[in-house]
Structure formats: structure tokens, C-alpha cells
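J.: Below, each chain spelled out in residue letters.
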Amino acid sequence: MATIIEIQNLTHRYGRLTAVNELSLKIEEGSIFGFIGPNGAGKTTTMRILATLLRPTSGEAWVGGCSVRKDPRGVRKQIGYMPDFFGVYNEMKVWEYLDFFAACYDIPVDARRAHRPFVPLRAGRAALVDDLLELVDLTHRRDDYVDSLSRGMKQRLCLARTLAHDPKVLILDEPASGLDPRARIEIRELLRELQAMDKTIFLSSHILLEVAEICTMIGIIEAGNLVTCGSIEEIQAAGRRRRHTRRVQVTLAGRSEEAMSLLQSSPNVIDVTLTERRVDKGLPPERLVRSQPQGEQVGKQAPQDRAFELIVDFIGDDLAQTAILTRLIQAGLPVLSFREIEVELEDVFMQVTKGIAS
Amino acid sequence: MTENGETGKTGTARTPDDQQAHAPAHEGIDRRTEQSFVRRAVSRLAHLVSRTWYNPIVLKEIRGRMRGWRATAVLTVHLVVLSCFASLIYFTVVESAQSTGRGAVGAGVQPAVAGQTLFYSSYMLLLTLVVFLSPAFTAGTISGERERKTLDLLITTLLPTRSLVLGKLTSALAYIVLLILAALPVHSLALMFGGIILSEVIIGTLILLVTALIAGSIGIFVSSIMKSSIASTVLTYATILLTAMGLPIVLFILLSFSGFVVNPSATSGLLVNNLNWVWQAVLIYVLGFLICTNPFATAVATKLLEQEKNSLFYFTTQVSDRSSVPHTLPLISPWIVYVTLYLAVSALLITLSILILRHKRG
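Note that the protein sequences, when read in sequence, are chains A and B.
Numbered per this note's numbering, the first sequence finishes at 1433, counting up by one with no gaps.
Numbered per this note's numbering, the second sequence finishes at 356, counting up by one with no gaps.
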């Protein structure tokens, strides 16, 4: 996989305010890169520099080998840029809007009769417009005015616009912001489809969870600095390392007090919290117990309609984790389940960003 | 693009077999260079036409402008105002002719007088409309794109800045030309009475078009600087009011106070008694130039000089002081200066707008 976007020591200042500070980044071809950060972190500035709308104060960036400073036209040929606002002309119809931008990208009306005067205007570009409309599922609104579309539809139309010249890279600023859940899912599906079409997608969001699912790579930016960058797994691992703790969830059929004191006294364990959970009343107690082989003999002693959940934070590796389980089993406690909880991405985000701000 | 067009044409003129088998290399080159000048000129012209024809901005703007009720309403109001005005003038002429008894013998109006009055007054009104309507179509265009945040989108496309600016201007001018053409019937009413010569109509139209161009260019230029459309419109109108109305008024006041008598119907334009002839000449040229900066003054002066000197292009005037023999000064008709001056100024403004926009994209 070749690098398609490369950013090197990129800095942009608005007067005294440093919006982007010495940012360096490499993005592989065909990946979906999520650029995450709170509002005002410098995401939009970075994207505008990549879209050749801003000249960086210092540093350099390349898209597909073209420098944004020296060859903006070369960059523009390769990117489709969608800003964080709609930017639609209200007095236009949907097909006209796409046709207009296709024309701005020098797409001839008809490949055969390119740049010969006085041929009917809708001869060949119409095919492209129809394809784009079909891709974003707006064929049925072809002849409607743009301002009659819903927000989600407008966003899809804008996405279609960025695809007019079949760019390799899509730069999408907050593509899902302000959309209802359904429209969000539709946009996400579209992005997946575009990735399947070998597009590299560089998108930004201020909500990590929103994009975590589709991104192959994530960069977290705060106050102009790139805090972390890597795949989701790498970021989670980094978060774990940063926290130095791991977390397991233990479900017990009973004897929670005993388990609490046992765990609190064990080495490595930092914190134990107990939550009580009622088991569904409709489920006969026997079945619940029978389905859990270890719990069979203790089932009679414990109140059968209850289960206890312990969240255990501990320091250490996999061995430390097995040691905790061994201790519980050796004490004869009725363990229903024992599983590690992944560090929540949002937690990582909070940790990582807070770390810089304070 | 030009190269592509050319190779395409040579490809169709001679089949590839021909080229390889028969034609010696040098002959081919000769023929090519011989034809290339004309061909290049033709191909460049075709390219220019097709660029304008295909300019997406022109298409978009015209589509947006002609859609809906506004375009029709403006056109209707324009024609209603013009024809009401023309009728008013006509009846005034008839009325005054009857009351002064000028038509005692001929019973009524002299047709030539009626025709001329109709033509000149409706022309002046049309000129006023053009001066004040053209900036309305350009003053908000580029700043409007900026406000709607679509300018960024256009910049990230491959559309050259030149096409953006020229497209905006072309589409605005197209509408103005439509207004001028629509006013033709009102003008031809004057032609029915006679008294108008073709050259007047042609020069008048030329002044109208150049006025539309310069007013539109000022609008484009200001809107490429300003962030908001309202500010841009206000500044554009302020500039145009100042040059079209304010400057002549200020000049007139100044001249009256400084003791000159301005008499536009006199041949020299100035009656200055105590000045050296060189100073008189300088004053004539300066005043003449200032007349040429104003569309209304230009139109009036061109007509008056045509009557006085019987020339639409070139004439002379004489200045003399007490000490010397009269000197002859060569002068050109104001419309020529006006057209050249404002063509140059609008070219400059358009170039500046393009450069500003190109620079702003950073």
C-alpha cells in the first residue's frame, strides 16, 4: 500500500493563534482515516490546507505526489472536498447542481465532441449525473430544487458532487454532523461503498464513536497537535498502556461480599465495584443454574434470581488476569462469567485529549 | 486544447497512410506552417467561443436569473417605464408645438423634431437605466458566492478563476443586452418620425454597451474585494453615483466659481479672456477629458459636436489670445475617448478581480 496523503511538519497560524502545530501524518491508499478532535482543534484548518484553500504558514503536504503549495491544480484533480457546510445553490435543480460541478471539473458534455461549440448541453454529462444520483440514491429527486431536499439528502448530494471527477481522495469535513441517525447510517454505508471503489477517505469528526466503526485509521488532534495516530486497535492499546490498568467483568451467582473482600485483598487489584443485577424473573431458576455447570452445587445456597456483577480494575498482563480467576475458583465462588472489558474508545479519547489540555 | 484541436483536424484531412507513404517530410512541414497561422487563429476563436459557451458559470447564472418571476418582472417594469416615458415625451412635443404655433403652416409637429426629441430623451433614460441596473447584476455575485460559502467549492474545482469572473460578467451583460434589445421597439418609434441617422444609433448603442460593461466591471471588482453582498452593493453604487452624477456636479460648481463660463454649445467649450493660448488649450483638453469620463456628458457632447463640426470622429478647434494668431487644436470626438478609456478601465478591473481572487485562494 502506497502513501497517498503525506503531511510534514504542517503549521498554520491565524495571527497569533496557532491552529495547526507541526503536524505530520501519512495516510495509506484505500484507507478511511478519521480525524478526531474537539471543535477548534485544527481539523478544518488541516483539511482546508489539503484542499488547497489555505496556504500553510510552514511545512508541506502532498496528495498523490502533488504538493499543495506548488501544484494546487494537481492536488485539486485528485481530491473531492466536502466542507462542513452544504454550499448549495438554492435556485438550482438537483441534476443541474451536479451537472454544474461536473462542468467545473472540465468534464466534457460529450467525450466525443469535447469542446466543439454548439452541441446540445445534456448530451453526455447527463450519464455521469445519473450515475452519481443513483450512487447516492437521489434518482427520484432528480428534477426537484436543491432547497427542497432534507439535510441528509443535501449531504448526500454534496458527497455526489465531490465524486464528479472521480477523485482518488475524498476530504470530508464532518460528513455526519447535524444528521439524524438514519441519515448518518446512510452516509456511513455510502462511505463503505466508496472505500470499496478504492477511494481514500479523509474524514473528520468530533465524536470518536461515530467514526470508529468505519475508520481503518484514526488520528486524534487537540489544540493543533496530533496526539495519537494509528489503527483503532493500536489506539486502544495505547490507551491501555497509558492507563496501565485492565478491567474484567465478573458475574457471580452469589456470595458477592465474600468475593469483594477476596478480590480487594489480592495483589495487583486496584479497584472493585459491585453492581447487583436482577435476573429475568420469567426464567426458571433451575434452568439458569443448570446452564452454568459450576454453579450447580452453590445454586441452592444463593438467592437464585440474583446475579452480581463485579468490575475489577487491576494492573498487569494476561497472567495477572488468570491469577484473579484462579483465586475466585479456588475459593469456590459461583462464577458465572469472567471476561475482559475493552477500554472504551471514548475513554481513550477523553484521556488522550485531557492529557494535553491540562 | 488548441493543440488538440489542430492535431484532430490534420488527422481528418489526411489519412495516416497518406502521411506515412507519400508526403515527403519537408513538404508536410511547409504546408503545415503555411496553414498554421489561419488555422491557429480560427481554432483559437472557436476555442474562445466554445469556452464561453461551455463556461458552466454562464449557464448556471443565466439559468438562475431567468428562472422565476424576477427576470420577467424587471423586464416588464423596464419596458413599462420606457414606453410611458416615450409617450409622455411624444405628447409634450405635440402639445408644445401646437401651443407655440410653430406648426401654423404644416399643421402640427415637424416629424424630425418629434423623432429626435423622442430618441434623445428615451436614449438618456435607457442610459440611466443601464448605469443603475448593470451593477445590480454584478455587485453581489462574487461576494454572494462567498456568503453562501460556495466560493470555496468553486475554488477546489478545476474551474479557472478567469472563467469564474468572466462568466459572472458575461451572464450579467447578457441580461443587460436583453434589456437594451427589448427597448428597441421604443426606439424604432422615433425612427418612424425620422430625423435620426444610423451613425447616431450605432454610436449610441456602443456607448450603452460600454457603459454596461464598465458598470458591471466595477460591480465585479468591488464584490471580489468585499465580504458581504450588502457592503459590496453599497460601495458599487457609491462609486457609480460619484462618477456618473457627483463628479460633473462638483466640476460644474468649481468651474462656475473660478470664473470660467462653461458653454457647451460654443465651439471651444470655453470662453476665457485673459489666458495664454497654451493654458486655454490645456483647459480644453482637461475639460474635454472630464466630459469623456461621464456617459451622459459624452453622449450629449458627441451629439452637439456632431451638429457643430459635422464630424463624428475628428475635428479641430481654434484658440487665440490677444498676442498671437489663432492656433488650431486637433480633437477627437468624446465617444471615442469614452469607449477606449472605459474598455481599458474595465479590462484593468477584471484583471485585478481575477488576480485578487487567485491570490485569496492562498
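Each hint should be verified, as a subset may be incorrect.
Result set (DSS-like, lysine-lysine): computed pairs, CA atoms no more than 27 angstroms apart in a straight line [as the list claims (entries may be wrong)]:
id, chain 1, residue 1, chain 2, residue 2
1, A, 1152, B, 354
2, A, 1168, B, 143
3, A, 1145, B, 303
4, B, 297, A, 1145
5, B, 303, B, 143
6, B, 143, A, 1152
7, A, 1243, B, 143
8, A, 1168, A, 1101
Please keep in mind that the hints were generated in silico from the structure rather than gathered at the bench.
Everything numeric in this text was worked out from a predicted model, so none of it was measured.
J.: Please flag the earlier hints that this structure goes against, numbers listed from lowest up.
T.: Numbers 3, 4, 5, 8, in rising order.
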